[in-house]
Every structure is written in C-alpha cells, then in structure tokens.
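Novice: Here's the letter readout for the chains.
Protein chains: 2
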Amino acid sequence: MADKNLGITPRATSYADWYQDLVLKGELADHSPVKGCMVVRPYGWAMWENIRDVFDRFFKETGHKNAQFPLFIPLSFMAKEAAHVEGFAKECAVVTHYRLKAGPNGIEPDPASKLDEPLIVRPTSETIISAMYSKWVQSWRDLPILINQWVNVVRWEMRTRLFLRTSEFFWQEGHTAHETEKEAVEETLRMLDVYRKVAEDYLAMPVLVGAKSAAERFAGAVDTYCIEALMQDGKALQAGTSHFLGQNFAKAFEIQFTGRDGTVQNAWTTSWGVSTRLIGGVVMTHSDDKGLVMPPRIAPIQLVAIPIWKTDAERAQVVGAIDAIAARLKQAGVRVHVDDRDNYKPGFKFNDWELKGVPLRLELGPRDLAAGKAVLARRDQAGAADRSDKQVVDAAALETIVPALLETIQKALFDKAKAYRDANLRRANTYEELVKTLETSGGFVLAPWDGDAAVEAKVKEETKATIRVIRAEDRGTKAKAIGTGRDTEQWAIFAKAY
Amino acid sequence: MADKNLGITPRATSYADWYQDLVLKGELADHSPVKGCMVVRPYGWAMWENIRDVFDRFFKETGHKNAQFPLFIPLSFMAKEAAHVEGFAKECAVVTHYRLKAGPNGIEPDPASKLDEPLIVRPTSETIISAMYSKWVQSWRDLPILINQWVNVVRWEMRTRLFLRTSEFFWQEGHTAHETEKEAVEETLRMLDVYRKVAEDYLAMPVLVGAKSAAERFAGAVDTYCIEALMQDGKALQAGTSHFLGQNFAKAFEIQFTGRDGTVQNAWTTSWGVSTRLIGGVVMTHSDDKGLVMPPRIAPIQLVAIPIWKTDAERAQVVGAIDAIAARLKQAGVRVHVDDRDNYKPGFKFNDWELKGVPLRLELGPRDLAAGKAVLARRDQAGAADRSDKQVVDAAALETIVPALLETIQKALFDKAKAYRDANLRRANTYEELVKTLETSGGFVLAPWDGDAAVEAKVKEETKATIRVIRAEDRGTKAKAIGTGRDTEQWAIFAKAY
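For the record, the sequence lines run as chains A and B.
The numbers in my numbering rise by one with no breaks, and the one at position 211 of the first sequence is 224.
The numbers in my numbering rise by one with no breaks, and the one at position 385 of the second sequence is 398.
One thing to keep in mind: the hints can contain errors.
Identical copies go unnamed one by one, so any copy, or any two together, can satisfy a pair.
Dumping the calculated DSS-like pairs for lysine-lysine here, alpha-carbon to alpha-carbon at most 30 Å [unchecked claim]: (1) K48 x K127; (2) K78 x K358; (3) K358 x K73; (4) K303 x K148; (5) K264 x K114; (6) K38 x K403; (7) K148 x K362; (8) K93 x K114; (9) K303 x K78; (10) K424 x K403; (11) K358 x K403; (12) K431 x K477; (13) K73 x K343; (14) K103 x K48; (15) K264 x K38.
For the record, the hints were derived by calculation from the structure and aren't laboratory data.
Sequences are here, hints too, so could you generate the full structure?
Specialist: Encoded structure:
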C-alpha cells in the first residue's frame, strides 16, 4: 500500500498520530530542541504567508494599519488589569536577567544583571498597547485608532501539539480604541465577520459564529466572540476570537480623551486575533489518510507538474514542454512547481505530492505531448475507485482549465466540510440527552442553557465538553434549560474541543 | 519660520536631536515604557514592510525560502560555539521562570517554576538553526539549505537610540548550509550583493562594500562582509552584514552529511542580516531640517493630494476631482493619499507632509481644475529659492508624469547622497594623517593597513574610529602601513560609526 510506504498512521488507528505524521512528514513544522517551541518549516510558513496576506488585505481594506509593539511587558503592567493577570499568570515566560557570565558551573545568568522589575514575554499585548494609546490619544479627533500587529507570542505549555498548542506561536493581534461603545462593538463584530469570511472562503473551513459564555471569555473582556470549526474527529477548534473590552483596559491604562462635549472620557477598546493554529485547523478539516489536502487559495503550490519519460531524448522533450506550460500557468496566476528530479520515479513523486496536499497534479508524457494533451489529477479525489480524479485535457487550454478547476476544488472542499459539520450539529433538549450525544456522537450539540455557570461547569466535568459558542440565530425557541429546568430562550452549542 | 513651528531641531544645532525629532514627530517610532524597546508606529512599519518586500523578492529570486525558528535558545546551545557566546554573553535577555504567582510583594515569578536550564531570547539564531539543520541533513542531496526568517531579536542595550540601537529590533536572518566551501563563499557574496543593490537602488543609499577586519567580525564567523553607508554628520552606519561561517557552526552542532564520495563531511554555512536599523540610515541619509525625505520606491505614501478651496461648492468640486485623480494614479501603481481633512488649512498640511517626507505633493484648486492643470511639488527640493520644486502640469497626463517624476526623485536622492559620500571619502598615507583627517573632516578615510590589530586598536582608542570595511578594489597600491611602517598592499577604510 502506498499509504503504508509513506508511514502515515490512518485516522482510524489514531487521529492524533495521523495529525502529527501529516505535520511532520508533510514538512509543515518540526519539533525543536526548545521545550514547547516549534519550528515552522518553509512549506508550512509559505502556507502561513498566504493566509497572512489574505487577512492583511482585509484588515487594510477595513482601515487598519500594521505596527510593532515590544516583545516584553513589565510585570507591573500585567498586574494592572486584575482579570487579565489572573488569566495569564500561569503561563508567562519571565525574563529576570540581561547578561551571562562564566560561573562555577559554566555559563550562567550574571547575578549582577538581575532586573529590578521582571519582564514578561508577551502572551498578548493589550497592556503594553493600551499604555501607548494612552500616550497618543488626547482628543476625540485622535480616535479611532485601528492597529494590527503580526508577531510571536508566548504562553507556556507543558503538553504541546504542533500548531494547536505550543509555547511560542505566531499570530496577528488587532487592537482598536474608539470614541463610543457602539463603534467598539461594531468593530468587534466587523472583524469577527472578516474572520468568518477568510475561514470559509479561503481556508474552506465552515465555522459557527457567535459569543462565548462568561467562563470562556478572554481575561479582561466584556464580551468575547468567536468562530468555531469542527475537526474530522468530532472535536471543535476555536479558530479566531474578537473581544469587546469595554472600558476595562482604558481605565487601567488611562486611555482618556476630551470628547466632543469637552468632558474627559475613557475610550472603548477591542482586540482580535487569529494564529498559526489555523494551519492545524486546515490540516484536520481537509486531509485524508494519504496526507495533506490543501485548499487551493492558500496552497503554497497549487499545481505540481510531473514530466514522464523513459529515454533521455523523451526527457529533454517532455521537460521542455512542461517548463513552457508552467510558464504559461504562472502567467495566469497559478502557483506552479515542476518536479523534474531525475533520481525519483513518477510513482514516488505522485505519492510525495499527494502527501504534501498539492491540489492539482499535471502529468505529461511523450504520447500526451504528441496528442496535444495533458493529464490533470485532483488531490481531493485521489484514489477514487472510478478514476474520476483524473481527466485528460487539451494542453493548449490549460490557462483557462486550471484556474477554474482550482476554484471547483476550493468549493468542493468547503461543501464537503460543511456537509460533515452540518451532519454533526445535533440538538439536545435535556441535560441527559446532551451528555449522551456528546459521549456517543461527538460533534456540536445545541442545548437550551439559561446562563447557569454551575451547569456549564458540571457538563465540563462530566464530559470534558465546553460551551463553544452561543449564536444569535439559535435564540428564540422557548425551552426548559438543561440542569436548572428554568424557562429560557437561549441555546448554547457544546463540544469537546482542542 | 515653518521649521520652527514644527519643532524640529536643525541639524546644525544638534544632529542627534534632529534625528530624534524626525523619528518621533514623523511618527516612525516612539519610546516605550519597556526599557530599551521601541514601538514602530504605522508609518514606520509601512516603510519597513516596503523594504522587507523588496528584500524578500530578491531572496526568493535567489532560491531562498522563509521559515520560522524558536524565539528561545537553550543556554547550553549558546555555549557550544566558543567565540559566539563570548560575543553575545553581555547582551542576552534570560528567561528563568515560566509562571507568576501572588507573593508577599505582589505578583512575582513563581519560584516553583524556575527552569532547569535558562533560555536566552535569541540575539541571532545560528545555534538553534544549526541544531535543526543537523537533523534535516543526511546526504549531499539535502544540500544546499537556503532559509531566511523575518523576526524580532533582542540584544540588551543600556543606551538606546530609536532604530539605530535598541534592545529589541526587527530583522531578517538568512542561514544557509552547503556542500562545499566554494558554494558557501559564493552565497555569502551573492547576498552581500543583494544588500548593496537594495541599499542603492531602493533606499537610494550609496554603500561601500567589502570585508571586515578580524576585530570587527561576527562572533563565530570566518569572514564577515558588509555594506557601509555614510550619514550626513560624517559618521558611518553598518547597513548589512553577510558572514561566511566556515565549518564552525557545522562542527559545533554536527551538521554532517554523506558526500558524493561516501565520506561523512561537515557542511559549510553562512548567515546574513539586515535590520530596521536601515530605517535610521534612510532618515539620516536623505532628510533635511524640514523633516523626513523618503525615497519614492520605499515611501509608504508616494504622493499626497491636497485639495484647495474656499467655499463649500468649491470644496465638493475640487475633492471630487482629486479623488478621481487619486483613483487614476493608484491604477498606475502610485501609492496615493488624499488629505481632505477639513479642520486644517493647506499651509498646515504642506508642512505636515513635508515633515513626513512624502516625495510628491499634488495641489489642486478651483482655478487649476478649470484650466485642466495641477501643481506638483517635489519634497527633495522643498524650499528652493527659485521655486524650482514646483511645476504646473496637465492633469490629464498625471499617470505618466507622476511615475516618471518619482523615478527622477529616486535618482536625484541617490546622486546627491553619492556626491556627499564621494566627497567624504578621503585618503591618508600616514598614521598622523589618518588621525588628523578623522578628527577634522570625519567621513571615511582610506589608509594603508597591514592587518596589525594593535594599530587598529590604537586608532580606535585615540579617535573612536574603527575599520569599517576593506574593499577588494582598494588593494594593490603599495604603501608603508600606518603604525608599523611595513610594506603593504592592503588599504582599510576607517570612520567613526553608529
């Protein structure tokens, strides 16, 4: 079996091992010798750059600018917003010295360089950014401030999983300050919708959109909104969050301005972020036992072209022709790679690029060339029993066929993922039904919940499932709330999650 | 005087204050509450993104891929290459704990979370990257590895200057591993030439190109090459370095491979970097007492369009017309901003955008509009006594006029900077002449130097000047070396430097 040769654990054997095999053998990332920190390899980083560029374009279209704030946060800043420090205290990397020296046991931190105030490696940047906004904002005319940064952050983790949970990860964090509460809430929801759009239209990852319960809120937020995706093992993945921070950080850091009416007011702030965790989400949403499946819009390579030959004369002819096709496709905006390695056979290359998840493979041999044809094979249908993954097309029309086919694949991936997600969004009317559905079916389970934190905690203790999202569109149907039996119109979506 | 109103210290009064005024009032960067760390504001970061994109394109064209390696480096890794740790020990931020807790004096690092092995916040990444390459390389077929990363690094600084010297800064670091010494040396020089090209063709910053003396070499390198620019105060700025690391890091981290002949060999590695320091270099190369002067090719805004009106009817008309012009210019690839703020007068806006260094200003009033004309004003000639900075042009031809004029400005900035640099590259034949020229004229001074480290140290002690670069093209003219009087054909270029 080809699958066996590639050494990928089938999903049915171990979903966790399958995931790790794909990330490592697909060369997206690697473990590093630094506990909890990953190396994102070129193929994974190229994927991230594509994702980043899409978000960045939408951020700029909605009026945001990029900047860069310090990596370090003074300890006292972390402590200024009570809920915030409470939320992050247990996972902070702390810098205490600024010099090394030779000691009795070798090189060690120089005791003479101990900092008066320790510095925290940012787990998120609300505090330091609020401190700067306080300096920049005087009048209502200075608002809104709409800034984003693409940076690394550190939240110490003991049990790590590449992309999903590592001590260092890479993300964007948008931080905005507004004159009114209304504007800040609008901003929070606007960016939530950008997240939904990119997740669905570019990552082909359908998401549920709504608010978090109080227990799942960001430390320091008034309201946290999120997009939640469903992985193939029935577990949810939080894929992005957008926070309405009210005046909490503005008060703690004195982001004050003179309003239109001449009074001094506190600003209203928001923050929102998505991270390299999305890469893990894409892997777990689309891939199969043969390897990765990349959505075309963010694939580092959209089409790999593989020349097929036997003799040297054929090789020269076919490689020349395939280079010309690649040039034409690049001209048409397709990200193409020609695999003309001569120390591997085509069959090996097919498996190799299937593992890497390249959406389309183009095969060209001497007979195709003579006939003006080429073969296209779809990664998302690889291994179809009826060979429907393959089609013979006119080589002269590739510039129009390939871009259209890539879009077809993009849509097919989304539709497939959405069908799976829809089939795994179930309804429970009672506590018992909720617990049973979570245990037997997994997936998302919608249940009437009146906001009772004790019930939420009990579900978590019993099933490990949490409230993932509370959607506006689920509100309204009257029911007896789980756990309390009280009347409620609020429905929450529970799931076990990454 | 307009200059006075903007509050910019003239260069003649204090070059250092002038520089800081430009960076702060030009809103490129700001001091942060974190000792030694800067905030790069949106205008400065947009400039950096433009610079980054140019470099990134050249890196990719020369076969490199981006990746991301951990922020933290285990202490023991730093110590593996002796010269390397020696060079960086005095400026390392050290992480010693991974959790906070409430203590008797408030929140503090939790003693129970003390790390067995402290982690260094990367000052550069040769060690951690070499450790990964060691894992990835087995055969000569795995080489070369050509990887770059865009990241933040930390080198602790007590006396900081925005962009020029801060504890945290932003850079790219390329790290490559090769099968042969020859290939590694070629790579080192190839990237040096990319640096020269971007500095000169995009930043309009002429540079001297060559090797460092042993004393100025990167800690762990066999050879360090550099590009050196000259600031308006006669001081040099190291603008980029490219290191041939020989087998030093390969041996320390066991980057070994089976060669074509079947023997196990150590790889040959290189590293090369440019940083946000380049922004400081651009500021100090081109700007004047009115403010920043941005080279068009990297300017965040290339043209600012300012509508001029008196009545509301005029306003509607002129702003409509200027928006249409802006749309046409954007279509032509020009980065345009329309300043239609109605709470400022045109004169204020002129000064404001001159301070920000926008290369071209377009003015459009009702009479221009009626005549089908517009006024263009060049920032690099602002304040010309004969008003030669301004020209009236046909509004219909702006799409062709503006791009051409931006290129004219780009070239004019380079030519001006080069004329200044050439006029300040002097020759000294004796030690006394060298010291006198450094003291009285500043600038670069070329002198015969036979490699004697004691003489180099003496010059530094006496004048604070260092050897900036040893150029291949200066070699060959026989002379008596400064300090030693020995015959030499080597000439070194000295200067005081940032």
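Novice: Now tell me if each hint is right for this structure.
Specialist: Going down the list of hints, with the structure as the test:
1. K48 x K127: So K48 and K127 pass the 30 Å test inside a copy (24 Å) and across (14 Å) alike.
2. K78 x K358: between (48 Å within a copy, 25 Å between copies)
3. K358 x K73: between (46 Å within a copy, 28 Å between copies)
4. K303 x K148: Between. Shortest inter-copy distance 25 Å satisfies the 30 Å Cα cut-off; intra-copy 54 Å does not.
5. K264 x K114: between (42 Å within a copy, 24 Å between copies)
6. K38 x K403: within (25 Å within a copy, 61 Å between copies)
7. K148 x K362: between (57 Å within a copy, 23 Å between copies)
8. K93 x K114: Intra 34 Å, inter 14 Å, cutoff 30 Å: inter-copy only.
9. K303 x K78: So K303 and K78 pass the 30 Å test across copies only (26 Å; inside, 41 Å).
10. K424 x K403: within (18 Å within a copy, 54 Å between copies)
11. K358 x K403: within (19 Å within a copy, 66 Å between copies)
12. K431 x K477: within (24 Å within a copy, 68 Å between copies)
13. K73 x K343: Answer is both; intra-copy 26 Å and inter-copy 15 Å each pass.
14. K103 x K48: The answer is both: 16 Å in one copy and 24 Å across copies each meet 30 Å.
15. K264 x K38: between (49 Å within a copy, 27 Å between copies)
Every hint from the earlier list agrees with this structure, and none is contradicted.
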